[in-house]
Structures are given as C-alpha cells and as structure tokens.
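Full structure from sequences and hints, please.
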Amino acid sequence: MKLRSLASALVCAHLLTACGGSEETDATQAAAAGTSLSGVASKGPLKKAVVTAYAIDASGVVSGTPLSSKVTDETGAYTLDLGPHAGTVQLVVSATADTKTADEATGLDVALPLEFKLHANTVVIPVVGGISKIQAASITPFTELAHNIAKDSGGATTINIGKANSMLFDLLGFDPVSTKPLDSTVSPAANATDAEKRYALFNAAVSKLASSPPTTADSVTRKCFTDAADNVGKKIQCATQQISTSVTVIPASGSNAPPPPAFNPKLAGFTAALVAAAADPKINKTGTVITAEDATVKDIKKTEDKAVEPQPIVGVTPAPSPSPPPTAVLTPSQQADVATAKAFVTRLRSNAAALKNGPLETGITDGVKAFGDSLQNEAAAVTRQTTDVVRLTDMALRLWVDYTTGAVTNPNSTAVNSFYGGCTVYEGSFPTEIGSANGAPYTASAVAASSSSSAYWVGCSANLGDLKTGVTQYRQSVFFNMRQGQTSSAGLTSTLAAVPYIA
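Going by this note's numbering, the sequence shown runs without a break in its numbering and finishes at 503.
A few of these clues could be false.
[Said to hold, decoys possible] Taking lysine to any residue and the SDA-like style, the derived pairs with C-alpha atoms no more than 20 Å apart in a straight line are: (1) K285 with E196; (2) K151 with P260; (3) K47 with D73; (4) K298 with V275; (5) K47 with G233; (6) K47 with L108; (7) K47 with E196; (8) K100 with D230; (9) K163 with P251.
[Said to hold, decoys possible] Label pairs and their calculated CB-CB ranges: (10) V61 with K306: 31 to 39 Å; (11) K223 with D305: 22 to 30 Å; (12) S429 with D299: 36 to 44 Å; (13) D98 with P251: 38 to 46 Å; (14) P259 with S453: 32 to 40 Å; (15) G107 with K48: 12 to 20 Å; (16) S219 with A189: 39 to 47 Å.
Keep in mind that the hints were calculated from the coordinates and are not lab data. For glycine and all other residues, C-beta sits at the position ideal for the given N, C-alpha and C.
Shown next as structure tokens:
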C-alpha cells in the first residue's frame, strides 16, 4: 500500500476553516538578532501588572536575576526583549497597587491582592540565521496550573514542563502557553482563531467561579472564599488558586513508580461555570458557543466527577530523588529542527482541537462532499484520529532528540499512561511503501536503530486499546523522515520533514 502525505496545507484547506500558530517571525535582519516574548497576562486582562522573565537551568532551578521586565498595557499585553537568550524561561506576572483585572462576571475593573501572581514556563528557541523573532507566551490561571504540575513533579525541567503543558492541552483542547486568550467581553477580530475565543471563555469561567460560593468540598478553597468576604479581588484570587491547584502530584516512594499527576476535587464546579459564562451575552461576545454538550466540556465533566485526592503510598521508605537526565546539547541545525517541529505540532494541535469541538458537518463534510457521501466514514475517522497524530508527533520529536543526543539509549519511547501507542527510532532508508506480512510493523526491512549515528527515521503507531498477547494491529501509523536533507555525516545536520506520512 502506497503512503499518503498529509500536508498541513491540505488539512487547513479541506478540514478546517482556519489554522493557528504559536510563533510570529520578524523577518527584519538585525546585526544582533534576538528573541522577544510577547503575549497577554489574563484572567480577564491584567492591566498594569508586572511581567518578569527568568532563566531556568537544565535541572529546573529558576535564576534570581531577571532577564527582562515590563508593565502590561490596558489589554494585558506585554513584550519582553530577551536579546540573544535561548532556553527554558519562566514568566511571572505580579500585581501592584495599580494592577486591576477586567472581571468578566461583574463587568468592572477590579483591584487584585498584592500577593496575586501567575506563572508560565516556555522554551525560547535559539535564533537561526541572524533573524530576530517574536515568540508567543500567555500567562493565565491555566499556565499557573501547568507551572504547579511541573514544579511538583520535581522542578521546571524541560521534560516536566512538556508533560505538564501536554496534560493541560488534553484537558482544554489548546496549548495554554502558545495560544493567546482574547477578552471575552469584546467582539473578536475577524482573524481570531477558535482556540483564542475558547481560551477567553475558559478565563471567564474563573470569574464565574469567583462570583458564587464554591461547590468543591475542598476545605482550603472554602476557607479562602469565607475569608475573602465581599472583596471581589480576593475571591478572584481564591478561584484562580482553586483551578491552578486542581492537580495533585504524588512523589515516588521506595521502588514504587509514582502515580501520574491526577485531578483532585478542586476542579469541581468548573464546567458549570464555563457553560454559564458562555451562555451569558454580557460575558460572551466571542461568537463561540460552549454548552454542556460540547465535547471538551463533557470530557472535563467526567474528570470532575471522578476526581479524588490521590494518596501517597504508605509504609515504604522514600527513594532518593533521581539524578536529572543528561542535558541534550543541540547543534544549530537541530535547534532549527526543533523550531520547525514545534510550529508543526502547534498546527496539528489547533487542528485537533477544532476537529474535536466542531460539528462534523462544518469544515469536514463541506470539504469532502465533492468526493461523495461515501467518504463520511473516512472523515469521521480523521476526526477521531487527529488527536492521536498530535500526541505521536510530540512523542516522535522528543524521542528523536533524546536518542540522537545520547540522553537515552533505548530506541523505543516509554509508555504513556492510558495512551495505546508509541514510537521507535529506525535505521535504514526511509520507507516508500508500508506493509509486508500480516501484522508486521511498517515494512519488512524496518530495523530499530542500534546507535545514534545509524538513526534515520521514526515510526509511530496508535491503536484502539489493549490487544491480545501476540497480536499486532496498527490503527494509525505515522512516519517521520528525520534525515531528509542531510548534507554531512559529521553531526546531525538534518532538516526535519515538515510533513508526516500517514498510512
């Protein structure tokens, strides 16, 4: 069976009404090229708040020396010039005596407590080719949640940050850092994306939570609201803390692997607040409809309903903290690969969220009607499988970088809880056909890589669930030609293929 190329342009043109991105590029050549981080601080726009950037080292330790600092404008927007700095960065937004937030629930600008803070963690991609660039980074209660997950998982390492942001993407349907939330009380621009509009309503839901007594049984949250009395700013802080601490991370104990981070009862009431905010015409001027029947709302409600406070394993001597993994030192070519892959993953994530939340008849069926009603089932299959492609793409990129830089020696990806799929680094030529013996993986000649120098391509697959022992049945396969365009055998001077091949 010949391989079919799924180009991002085809996805945008035929499956979606719009495609979003996470990074804007300034094409102006500069002698001293650098990166600027630009975005909004928002739970409702945070006006005249201070945004400060700090470098994070490879072990997750945050520097005490600021890289840059600015005050947000009346829309919550900021831009920080980081110069030539590259690597992991933590953004912190702090309230001052002049800071106010646009409270969607009341329609008023509300002063916040001086101790109000939000965090966001991101990776600044090195400048390539002497071209300055602007990289998007938002700071919201949901990036604060991702920050807390990473921190409680052992620190703000790139691995922990990636896992935390991925967990939030699975919950929300969009990347909380690279997506720019709009102000839900203002009519959006014509080019605003669906993810930006939905993000605005998720922020507004925090205001809705603050406007009424909490429904969660969590004693800390309930005490916070009681102590806040009639102070709206303090109630907003309580609701923000409620959401941003709604995931519990249990550390490893003894020889037992730690359980995965899990949502706790603090999440209770969020979906009701989200639906209420979306239904209020004074709050929701985005033109986006979110009801209790929304796919993401249903998923979050299920998470709310089954959320329990995870308990640590007792009676076992805690194991010492593991040494941090070796830091991968990337060549400029690899850094460009990562930047390309990040942009591609963001497009796929935008596609997955839109496919998940939009009705089948909008954007998909219109694009395939000309091919006949017989393609309805295939279109529905694409809808179900796009999210898996996103996860496999993330997995492939991380595995490739870790394996080819020596951070890991196993060419197979590690298992991901509740995800029935994985990736393998292969050696040998990139396949042009798929299929050999029934149930055989990929091609008859597919051989797992034996060293970083022999690594050539990555193959990934996902299936519907657990399979019987000895059964190999791939539902979705994705191949990445990681060595396309290689010009030298010295080092990894490759260019990541921007188009995956899907069987």
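The hints, checked one at a time:
{"no.": "1", "hint": "K285 with E196", "in the structure": "holds, 13 Å"}
{"no.": "2", "hint": "K151 with P260", "in the structure": "holds, 14 Å"}
{"no.": "3", "hint": "K47 with D73", "in the structure": "holds, 6 Å"}
{"no.": "4", "hint": "K298 with V275", "in the structure": "holds, 11 Å"}
{"no.": "5", "hint": "K47 with G233", "in the structure": "holds, 13 Å"}
{"no.": "6", "hint": "K47 with L108", "in the structure": "holds, 12 Å"}
{"no.": "7", "hint": "K47 with E196", "in the structure": "holds, 19 Å"}
{"no.": "8", "hint": "K100 with D230", "in the structure": "holds, 17 Å"}
{"no.": "9", "hint": "K163 with P251", "in the structure": "holds, 15 Å"}
{"no.": "10", "hint": "V61 with K306: 31 to 39 Å", "in the structure": "holds, 35 Å"}
{"no.": "11", "hint": "K223 with D305: 22 to 30 Å", "in the structure": "holds, 24 Å"}
{"no.": "12", "hint": "S429 with D299: 36 to 44 Å", "in the structure": "holds, 41 Å"}
{"no.": "13", "hint": "D98 with P251: 38 to 46 Å", "in the structure": "holds, 40 Å"}
{"no.": "14", "hint": "P259 with S453: 32 to 40 Å", "in the structure": "holds, 37 Å"}
{"no.": "15", "hint": "G107 with K48: 12 to 20 Å", "in the structure": "holds, 19 Å"}
{"no.": "16", "hint": "S219 with A189: 39 to 47 Å", "in the structure": "holds, 43 Å"}
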